[in-house]
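All chains, full assembly: derive it from the sequences and hints.
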Amino acid sequence: MRESGILMHITSLPGPYGVGTMGKSAYHFVDFLEKAGQSVWQILPLNPTGYGDSPYQSFSAFAGNPYLIDLNTLVREGLLEAGEPEAVNWGENPGRVSFGRLYEERGKLLHLAYSRFTPDESYTAFLEENARWLPDYALFMALKEANGGASWLQWPEDLRQREADALEAARKAHADEIGYHSFVQYLFFRQWKALRGYANGKGIRVIGDVPIYVPLDSADVWVNYKLFQLDETRHPTVVAGCPPDGFTADGQLWGNPIYDWQAMADTGYEWWVRRLTAAAGMYDVVRFDHFRGFESYWSVPAGDKTARNGQWVKGPGMDFIRAVRKALPELDFIAEDLGFVTPEVRQLQLDSGYPGMKVLEFAFDSREESDYLPHLYPVDSVCYTGTHDNVTLKQWFDEASRQDKAYAKAYMGLNRSEGNVWGMIRGGMSSVSRLFVAQMQDYLELGGEARMNFPGTLSSANWTWRATEGFDSDKLAKKIRKMTGLYGRLKRS
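Reading the sequence shown from the start, the letters are residues 1230 to 1722 in the numbering used here.
Restraint-style ranges between C-beta atoms, simulated for each label pair:
#, residue 1, residue 2, range
1, Thr-1496, Tyr-1640, 47 to 55 Å
2, Ser-1599, Ala-1423, 39 to 47 Å
3, Gly-1677, Gln-1632, 16 to 24 Å
4, Arg-1537, His-1464, 14 to 22 Å
5, Leu-1715, Lys-1555, 36 to 44 Å
6, Gly-1714, Glu-1499, 40 to 48 Å
7, Glu-1313, Asp-1387, 38 to 46 Å
8, Arg-1391, Glu-1499, 14 to 22 Å
9, Ser-1599, Ala-1398, 55 to 63 Å
Read the hints as simulated data drawn from the structure, not as lab findings. Ideal placement from N, C-alpha and C gives every residue a C-beta, glycine not left out.
Here it is, written out as structure tokens:
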């Protein structure tokens, strides 16, 4: 079945309190997707944002982002009073997320809601259902706050080493804050379950990302230190990155700790299975970010200032894929197979059975033929106009070389009446790829001001773009639906 979807993270939705949430605008967007004949809503990771406000650098691979909790829902439930959310200055620009204001203010309101909360059977059931990760995460967050936000590697030695007596004493000393973080997760998952259920009820599946790596400063590494390549002081011996190429002479130094894949295999990949089981509770389809790292990964000596001295090390390959398939036979995956793709990576993607990604913006290098030209796509693939890490289509046309633009215009048959952006969307829609996904920014014909992320930078623009009220109009939905239907991708009722 041919399908079509839209990439739009929840934080980018409009709304009154500084960031898009799982409230009214999210439900309205689901209605928009249905009107537009779409089958898929793709989002970024829903985990708490960490370093650089990135959803790919989270304190937990299991927890939900407190910023996404809808405050108006809490007012209706009596956990906040009318006017309390409005009394906060959430920032001056409704077109940008102000993460600084969220960091300063959101927790105050959620603490207030916690003070008014009376636990019930559903809350008790939630704690029991999430007992494998929630107590450790809540303790981690409580200790992080008690230590001024410092990394767990800078905590007192007994806590850093997770000595049993120290952990028990900390649980008692920080019981109220642990309860608060557990409550916040209860709110998040209750609201997300309702929103995802609403989307599924309209025949719309949710695609979510699972980053291959987790940050060093996370509950995941603090608790599961034996599953990572750390020394006796629990500092990394090697870190993740990618090698030098034509764009980055020093490569990219990500700094994430690297898994001890042998230790993972010895447990039957139990942590990964739990992680993906949690992801299955959030998403209908999982996009494996940096899929090539499962075949081989770029390992950089810890302490290096660039990624130049790294080396390729074999990953778990099909052994890992088979374990995932056995544990989660019903969960669908997409392999993010972009970047430095070797024949071995391509073979792993084919052997896995996961569809790979094709990005239209990568197709039109006038100097050589690209693997991303639509006539080369396999049916079992996902065609994207661009991802959250790429320029928007309008920005591509604004900045591409004259030769590349001429190539795209000739190949796609672009014309002035349709416009370059919609002509490119048509090219993706008409491809044989089973699923086509466009960024919402492209349907809105927005330029560089709407780019979601600049990889390898800490730009203040990263992750902050928000749509304006009324972006999801019936007129636009009708236009998208017409093209979706023309190329046989309308959602089946």
